[in-house]
Structure formats: C-alpha cells, structure tokens
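Per the working numbering, the very first residue in the sequence shown carries number 1; after that it's consecutive.
Source of the hints: derived by calculation from the structure; they are not laboratory data.
Keep in mind the model is a prediction, meaning the values are calculated, not measured.
Careful: at least some of the hints might be erroneous.
[To be verified] Below, in silico cross-link-like pairs of lysine-lysine (DSS-like), each with a Cα-Cα straight-line distance of 25 Å or less:
{"hint": "1", "residue 1": "33", "residue 2": "109"}
{"hint": "2", "residue 1": "298", "residue 2": "109"}
{"hint": "3", "residue 1": "44", "residue 2": "109"}
{"hint": "4", "residue 1": "44", "residue 2": "75"}
{"hint": "5", "residue 1": "298", "residue 2": "266"}
{"hint": "6", "residue 1": "50", "residue 2": "86"}
{"hint": "7", "residue 1": "112", "residue 2": "54"}
{"hint": "8", "residue 1": "79", "residue 2": "58"}
{"hint": "9", "residue 1": "347", "residue 2": "301"}
{"hint": "10", "residue 1": "354", "residue 2": "298"}
{"hint": "11", "residue 1": "298", "residue 2": "347"}
{"hint": "12", "residue 1": "302", "residue 2": "224"}
{"hint": "13", "residue 1": "347", "residue 2": "336"}
{"hint": "14", "residue 1": "301", "residue 2": "354"}
{"hint": "15", "residue 1": "33", "residue 2": "298"}
{"hint": "16", "residue 1": "336", "residue 2": "97"}
{"hint": "17", "residue 1": "33", "residue 2": "58"}
{"hint": "18", "residue 1": "338", "residue 2": "133"}
{"hint": "19", "residue 1": "79", "residue 2": "109"}
{"hint": "20", "residue 1": "266", "residue 2": "112"}
{"hint": "21", "residue 1": "58", "residue 2": "86"}
{"hint": "22", "residue 1": "86", "residue 2": "44"}
{"hint": "23", "residue 1": "339", "residue 2": "320"}
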Amino acid sequence: MAICLQWASQSQGQVPGSSDCDPALLPPWGSNKQIVSSPEFLEKAENYLKNIGKMLAKNDSRVSIQALEAGNTTKTSWKVKLACNKKTVANLKCSFKNTYAPGEIAKYKLGKELGFNIFPVSIPAEVNHGSTKYVDCTLKLWAEAFSQLYYCGQPGCGTPTFENSKSVLAPALQHIQSCSSNGDKPFLWSTQTAYGFLGSSKGRIRYSGSKTFDLDSNSLRSLKVSDAAQDFSNLMILDALTGEEDRGPSGNVHIRDEAMSFVLNKDGSVTFPEVRLFALDNGGCFKSEDYRNTFGMKDVKKYVNRFDRDLLNRLEQFIKEYPNRVDDRFLDFKVKNKKTSAFAFVKGAFQEIKKQASRAETCDF
Numbered sequence: 001m002a003i004c005l006q007w008a009s010q011s012q013g014q015v016p017g018s019s020d021c022d023p024a025l026l027p028p029w030g031s032n033k034q035i036v037s038s039p040e041f042l043e044k045a046e047n048y049l050k051n052i053g054k055m056l057a058k059n060d061s062r063v064s065i066q067a068l069e070a071g072n073t074t075k076t077s078w079k080v081k082l083a084c085n086k087k088t089v090a091n092l093k094c095s096f097k098n099t100y101a102p103g104e105i106a107k108y109k110l111g112k113e114l115g116f117n118i119f120p121v122s123i124p125a126e127v128n129h130g131s132t133k134y135v136d137c138t139l140k141l142w143a144e145a146f147s148q149l150y151y152c153g154q155p156g157c158g159t160p161t162f163e164n165s166k167s168v169l170a171p172a173l174q175h176i177q178s179c180s181s182n183g184d185k186p187f188l189w190s191t192q193t194a195y196g197f198l199g200s201s202k203g204r205i206r207y208s209g210s211k212t213f214d215l216d217s218n219s220l221r222s223l224k225v226s227d228a229a230q231d232f233s234n235l236m237i238l239d240a241l242t243g244e245e246d247r248g249p250s251g252n253v254h255i256r257d258e259a260m261s262f263v264l265n266k267d268g269s270v271t272f273p274e275v276r277l278f279a280l281d282n283g284g285c286f287k288s289e290d291y292r293n294t295f296g297m298k299d300v301k302k303y304v305n306r307f308d309r310d311l312l313n314r315l316e317q318f319i320k321e322y323p324n325r326v327d328d329r330f331l332d333f334k335v336k337n338k339k340t341s342a343f344a345f346v347k348g349a350f351q352e353i354k355k356q357a358s359r360a361e362t363c364d365f
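With these hints in hand, go ahead and build the complete structure from the sequences.
Okay, structure coming up:
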C-alpha cells in the first residue's frame, strides 16, 4: 500500500540519468528497483561514489559542487552535480562545528555490519574548493525523494508529528516504551537540548510549513506500528552507540521508499510504494568521550523497553570480533578533539545498553 506525502527533496525529477552523459558517470541504479540496503546495492553505490570522489579530488570538470539551500546549518555541505545533465548525484559534507565526517562514515559502516543499514552510503572524500582544500569529508548517496519528520513543541506551530498526534509514529514511539499494548508516556527527545531548548527562539526546532506533513494513520497505512517501532528502537540504539546529538527535533528522521522509487503527483505530493525509516544526516556523533551521558543514551535509558534481540546479538559478536581484525578497521579513529578511540566509545556504550536491555520489564519485538 502506498503513502502520499509532500515532497521534501531538493531536486525534482526521477533518478538522475541522461542520454547526453557518459554512461560511466550515471548512477548504476537508475530505473532498476533495488532495495537500498541490500548488499548488492551498497556495493554498487560505494564503487560509484569512489569514482565521483576521485573526480572531485582532481578537479575534474565533469563534476561540480553547489551550495545547498539557504539556511543550511552546515556551511561545508554541498550538492555534487554532473556537468552533462546538471543532476545531483551525491552530497559532499565536510567536518564542521556541528558535524564530524569520520563519525558519519563509521555510522554507515556500523549499520551495514549489523544488517540494519538505514544510513545513506557514505565514503571518505577530499576536495579542492576555491582556495581551500577539504580533506575531512564524507561523500554521501543523494536521496532523490524523502519525507522529513519534524518535531514541533511550541505553541502555534501546528500538530507535532512525534507526539500527541494520530500519526502511526506516535503509537510506534509509545510501543517501544511499554511491553503492554498501550504505552502512554509522552515522548520528548533529549536531543531537544542539543541546539536549544524547546521554547527558545534560538532552538533548532522546525515549524509547520511546506516541509511538515500530516502523518495520520491513513496516509501512513503502509507502515505498520510494530515495524516503525522496531526501526525507531534500532535507530535509537545506534544513536546511543555513536553518541548522536542531532536527531529528534532537528528533523533528522526521515522516511523514503525501499527501492528509491517514487511518483511525483500533480498536487506536489510524492507517492512511495514501500516505506521505511531512513536517517540521512548522522554527522552529529562521536564528539564526546562520555558515552554514558550523550543525548542518544539518555533517550535509550528513558524510553526504550523493546529491543531487537537479533541486533543486540550481532552487536555482541561485533564487539568481540573487531579487535582482531586486519582490514576495515573503521572505528580506529579518535572521537572529535579527544583521545578515546571510536571503538572504545562504542564498546562502552554497548555495555550501558546491555544493562537497559537486561531489565526485568524489557521485552522483544
């Protein structure tokens, strides 16, 4: 069953492609309906981005970068466009005060390792832009169409999409809090304090408008409450593992189609045939050495009573296996401006999550 939502993409049209372009420059997925988290898709996407990254590093005129929309909070974030058809194919995002490129890449790889990859394909990159050379960057797969879910907590800004609404998301968030069928705790993301408190004019809280949607149970009928709850639980666990501080109220929770397929309707809405949770922005992580008190960990301890046991088992195995690895040691970097390794952070955070998961009232999906 399909859902219809207002389009939140920064570009219009179908997946980039043009007969005027060298086929080697075009994304390998095109019109093929491939599940975006499948191993086959991820391998193709990584290889494609590596090719784009090499061209960026060499100032190849076949690709260019362009600033994102006005008001974007990360000043070192650009669209990567093909010169042949002017289509956006990737997002180049370099470390800035509110984002950490190595963390975003590690988050994608960790999700891939655990079989819960809802993060966009991300690889290391560098680029010469003007007189500046940026070396601490991530090159990310461009999401052509998606819906961004907003938290609105101030008077006069419409119905919150995460709380006190008829949306499937509200019951989903209640579902992860209670082992009974009717959880009733109000859900207030701890990350509301990351960029300003609710009620503050300086807070990074998004308001209703062209990118805020009425996510009622009818328009989201293809997304089951139990599936949404499991996705939220897993996302929150991965946020806690990586010290994410930029999730809830800043709009960094998204949904999109499983096969990058969508229909642009005449009224400006988009129809997604199959919907899934997707987290496009994940650079607000690995900034602290204190894994016990990150915003992500606070949310897990406060709300999550339902856990995906398969995810926890995979995590347990990963923690045991990683120190003996020879290749793909993607957690060997240091947390931002600190001495602790990212792996030590993940390992410590996992011990905290295990304590939460061992509580008597904890239940499975």
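With the threshold set at 25 Å, check whether the alpha-carbon distance from residue 86 to residue 44 stays at or below it. holds (22 Å)
Pairwise hint evaluation, residue 301 against residue 347, where the allowed Cα distance is 25 Å at most: This hinted pair holds, its Cα atoms lying about 17 Å apart.
Would you check the hint for residue 298 and residue 266, treating anything up to 25 Å between C-alpha atoms as holding? Outside the cut-off at roughly 43 Å; violated.
25 Å Cα cutoff - pair residue 347, residue 336: holds (17 Å)
Is the straight-line distance between the alpha-carbon of residue 266 and that of residue 112 25 Å or less? Cα-Cα ~36 Å, so violated.
Against the 25 Å threshold, does the CA-CA distance of residue 33 and residue 109 hold or violate the hint? Satisfied, since the Cα-Cα distance of roughly 23 Å is no more than 25 Å.
Could you grab the alpha-carbon distance between residue 58 and residue 86 and see if it respects the 25 Å cut-off? The given pair, whose Cα atoms are some 19 Å apart, holds under the 25 Å limit.
CA of residue 50 to CA of residue 86, is that 25 Å or under? Measuring from Cα to Cα gives roughly 19 Å; hence the hint holds.
Taken at face value, is the distance from the CA of residue 54 to the CA of residue 112 at most 25 Å? holds (23 Å)
Are the Cα positions of residue 354 and residue 298 separated by 25 Å at most? holds (14 Å)
Tell me if the straight-line CA distance from residue 33 to residue 58 falls inside 25 Å. Violated, at about 32 Å.
Assess, step by step, whether the Cα of residue 298 is no farther than 25 Å from the Cα of residue 347, and give holds or violated. Distance of about 17 Å is within 25 Å: holds.
Hint violations for this structure: numbers 4, 5, 15, 17, 20, all remaining hints satisfied.
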